[in-house]
Amino acid sequence: MENKLPFESLNRNNIIKKQVATDETYGKRPEQRTTTELLNNGVICLNKVDGPTSHQVADYVKKILNVEKVGHGGTLEI
Amino acid sequence: MEALLKGGKEYICLMHIHSEINEEEIRKSSEKFIGKIMQLPPVKSAVKRQLREREIYYIEILEIKKQDVLFRIGCQAGTYIRTICVNWGKILGTNAHMQELVRSKASCFNDSEWYSLHDLMDAFYLYKEENDDSELRKIIKPSEFAVSHLPKVWVIDSAVDTLCHGANLSIPGIAKFEDCIEKNDLVAVFSLKNELISLGTAVMSKEDIKNNNNGIVIKSKKVFMDAEVYPHYKKS
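Which chain is which? The protein sequence lines are A and B, in order.
Under the numbering used here, think of the first position of the first sequence as 1, with each following residue one higher.
Under the numbering used here, think of the first position of the second sequence as 1, with each following residue one higher.
Check the hints yourself; a few may be wrong.
Result set (EDC-like, lysine to aspartate or glutamate): computed pairs, CA atoms no more than 20 Å apart in a straight line [unchecked claim]:
1) Lys28(A) <-> Glu144(B)
2) Lys234(B) <-> Asp23(A)
3) Lys28(B) <-> Glu2(A)
4) Lys234(B) <-> Asp161(B)
5) Lys18(A) <-> Glu178(B)
6) Lys206(B) <-> Asp185(B)
7) Lys6(B) <-> Glu8(A)
8) Lys183(B) <-> Asp208(B)
9) Lys221(B) <-> Glu113(B)
10) Lys69(A) <-> Asp185(B)
If you want the ones that stay clear, here's a sample from chain B, every Cβ over 12 Å from chain A, calculated [stated by the list, open to error]:
11) Ile17
12) His18
13) Asn22
14) Ile37
15) Lys48
16) Leu51
17) Glu53
18) Lys65
19) Asp68
20) Leu70
21) Gly89
22) Thr94
23) Ala167
24) Asp179
25) Pro231
Over the 10 Å line for every Cβ pair with chain A, so calculated as not near, a few chain B residues [to be verified]:
26) Ser143
27) Lys183
28) Val223
Just so you know, the hints here were simulated from the structure itself, not pulled from any lab data.
The C-beta atom is built at its ideal place from N, Cα and C for all residues, glycine as well.
Sequences and hints are given; from them, build the entire structure.
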């Protein structure tokens, strides 16, 4: 059996409370967002190499993508 | 970000044992770590040095070569693998230390789909210079992806704007929900277009949500969507 983290073995059945449609006039489905929108609000799973700190890598990403804000969520602390 | 940091983690670690130990003994002793363990963070660490409880979900030994042990470990966020190695050495009646460590999973992010800075640079070049965004769109995921490990609820359009103003979510606002929700779980609240609206704490279990027609289900903790993306709902 493959080892799993707790969230990977959650039973995710959808239960419907109200059968309703959404009005396409408002909001935007994630897959319909433009590349600019993704650049301004998106996530990247980056393999950080040894050497530069997470902070430095976030700064590289900021420069490569030419965006205003980049943060990182997970420093590998050893 | 907090949601991401608190999910489970998986690491691949290379441990070096200071004396030669029988392979069978190493394999057997790994079982001692499964479940809840107490850990004292290492001297050099980012948190206060006091005993704390962490849960280890699994340890899988990938390879043993003399005094080197390569293993995969699934654990609760905040587990120090360096400490696991030191304690493992002690259990074996010797010493051991962590030689190398790679994180292979952090919540829903894992090593099956990760990119290098070079990949990102190439993809951005393709996008800027050749007007081809296909690679870049593979690398940059919508922010919704970062909460895909959390249990979800979807709300009706008329509930969206009030949530954007920080209101709690009650049953009449729910269109559907995942039946894994337990009380006190951190839950992601989505629109019916699968846009992340907010994160909050469940104050009802899945059974209660199923069986009731009113009452607060999610206490809001953090709102992501801007107000007025969806129309303001007026009570008639």
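Going back to the hint list, which numbers does this structure go against?
Hint check: 9, 10, 24, 25 and 26 fail, others pass.
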